[in-house]
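Quick note on this note's numbering: the sequence shown kicks off at 778 and runs consecutively.
Everything labelled a hint here was simulated from the structure, so no lab data went into it. You may find that some hints are simply not true.
[What the hints assert, rightly or not] When the alpha-carbon atoms are kept at most 25 Å apart in a straight line, the in silico BS3-like pairs for lysine-lysine are as follows: (1) K892 to K914; (2) K870 to K909; (3) K956 to K918; (4) K870 to K825; (5) K892 to K880; (6) K892 to K915.
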Amino acid sequence: MADSFADIRADIIADPANSDLGQLGFMPVYTASENARIMIVGQAPGRKAQHSNVPWNDMSGDTLRKWMGVDRETFYNPDIFALVPMDFYYPGKGNHGDNPPRKGFAEQWHPRLLKLMPNVDLIILVGLYAQKYYLGKKAGKNLTETVFSYHDYLPDYFPLVHPSPLNFRWRAVNPWFEKEIVPALYERVQRIINTGAQSGT
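With these hints in hand, go ahead and build the complete structure from the sequences.
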C-alpha cells in the first residue's frame, strides 16, 4: 500500500523509541503537506514548542519569520512551509542548552515524508545538525563556512545559523550574515511564495 502522511504520523507515535515521550502526553511536532513549497529543517522542538505542539513557537521562530519576511499565518500554512526538524520531540535540557536531536531519527522519517512532498523547491537547513545530514561531505568545515558559502548549495538547499537568541555573539562577529545572507534568503523565499500564488498552488 502507498505511504501517506497519516501512516507516517501513526508510525512515529507507535515507534518504541518514542513510547516514553508519548506516555508523557507529547506528540511529534512537525507539519507537512503534499503542496509544500519550502521545507525548513531545524534541530528539534524546544520546550515551548513541544508543550504547545506548534513548531518554531518561540523567539527563534519570530526571528526566522522576520528573516524570511513572512507572518505567522503564512509560516504555518502547510501548503507553503513544511516544518520538519531533525527530531520531532523535545530532546530535554543539557549542560549547554537543549540536548541534540537523537541520532538516526531523521534518517528514519525524513525520506518517507519527502517522497510525499514533490513540490518542495527549497530546503532551508537551520543549524549544524541539519546541514551535516543533508549536505554531508559537501558541507564546509564548520557552520560559519557553510553559511557563508550558501550559494554553493542552491537551488536545493539554503544553510542558516540557528536564529536562537543564544547565537547573538555569532551574529555580532559575522555582520556579513545580516547584510548578505538574510536578504538573499528573503528574496528566494518570497520568489517561491509569489510563484506559487501566481500558479494557484
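Q) Straight-line Cα separation of K892 and K880 no greater than 25 Å? A) Given that 25 Å is the threshold and the Cα spacing comes to 21 Å, the pair holds.
Q) Taken at face value, is the distance from the CA of K914 to the CA of K892 at most 25 Å? A) holds (23 Å)
**Q.** Given pair status - K909, K870, alpha carbons within 25 Å
**A.** holds (22 Å)
Q.
Just to be careful, I want the Cα atoms of K956 and K918 compared with a cutoff of 25 Å; is the pair within it?
A. Given pair K956, K918 holds - Cα atoms ~22 Å apart, limit 25 Å.
**Q.** K870 paired with K825 [C-alpha distance capped at 25 Å]
**A.** holds (12 Å)
Q. Keeping to a limit of 25 Å between CA atoms, is the pair of K892 and K915 held or broken?
A. holds (23 Å)
Violated hints for the displayed structure: none, as all numbered hints are satisfied.
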